[in-house]
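Student: Build out the structure end to end from the sequences listed, making use of the hints.
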Amino acid sequence: MVWICGGVGSASQFDALTAGHAASEALLKQKVIELSSAGEVELQLSEAAALLADDDLMQALQRAYSELNPEADPSQVTLRKTGAGRYLYQNRDGRDTRIEEVGRRCEADQVVVLYYAEGERFFGRFEVLMQLVLKQAAPGQCGYELEVAALPESSLVRWIGRSRLVRRFFRRKTDELIGLAVAVSSRMI
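Counting from 1 along the sequence shown, just add 265 to a position and that's the residue number in this note's numbering.
Heads up, simulated SDA-like pairs for lysine to any residue below, C-alpha to C-alpha not over 20 Å straight-line: (1) Lys346 <-> Leu316; (2) Lys346 <-> Glu366; (3) Lys400 <-> Ala303; (4) Lys294 <-> Tyr381; (5) Lys296 <-> Phe388; (6) Lys346 <-> Met395; (7) Lys296 <-> Phe391; (8) Lys296 <-> Ala382; (9) Lys294 <-> Glu418; (10) Lys346 <-> Arg360; (11) Lys294 <-> Leu282; (12) Lys294 <-> Ala415; (13) Lys346 <-> Ser331; (14) Lys346 <-> Glu383; (15) Lys346 <-> Asp319; (16) Lys296 <-> Val413; (17) Lys346 <-> Thr362; (18) Lys400 <-> Asp374; (19) Lys294 <-> Ala281; (20) Lys346 <-> Ile364; (21) Lys346 <-> Ala329; (22) Lys346 <-> Tyr381; (23) Lys400 <-> Gln375; (24) Lys346 <-> Met323; (25) Lys400 <-> Arg369.
Think of the hints as simulated: they come from the structure by calculation, not from any bench.
Tutor: Here it is in structure tokens:
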């Protein structure tokens, strides 16, 4: 896994899929906290594309996560569909995050999916834009690039977000989420 932490920037690397999505466009005009990750998973691009093309992707992820963690209390972390491409995630502390699929593009050599989310955590309200780009790598391997643009509402949290300690925290949390996503997606095939 390769890590690139860009610090605070303008998030210019995001795809044109944001065009016409007011919240995403407004977010990208701000000085956001940027995080990036790249790596490979044992998955064909066609398999990954089929997973991402599932209109019920988030529900499938919830089921696969529950199968991976049968001892976990399913009521602690919930993800439910609230409309076409819209979901509500509630963490174990009861804090909500609204997730919306902004767009997706499937081509012969890559798949791009873009999600916008807003919610609240212990540090306050936030917005985030996540772009996942998948490309065929070596045989049996799918390369991924994850770009994240986060904007905490609190200017103090944004300022603290520039520190090495905070970036290390986000890197560790993102590593955990990527590891979980790889395990879950492998289970879904």
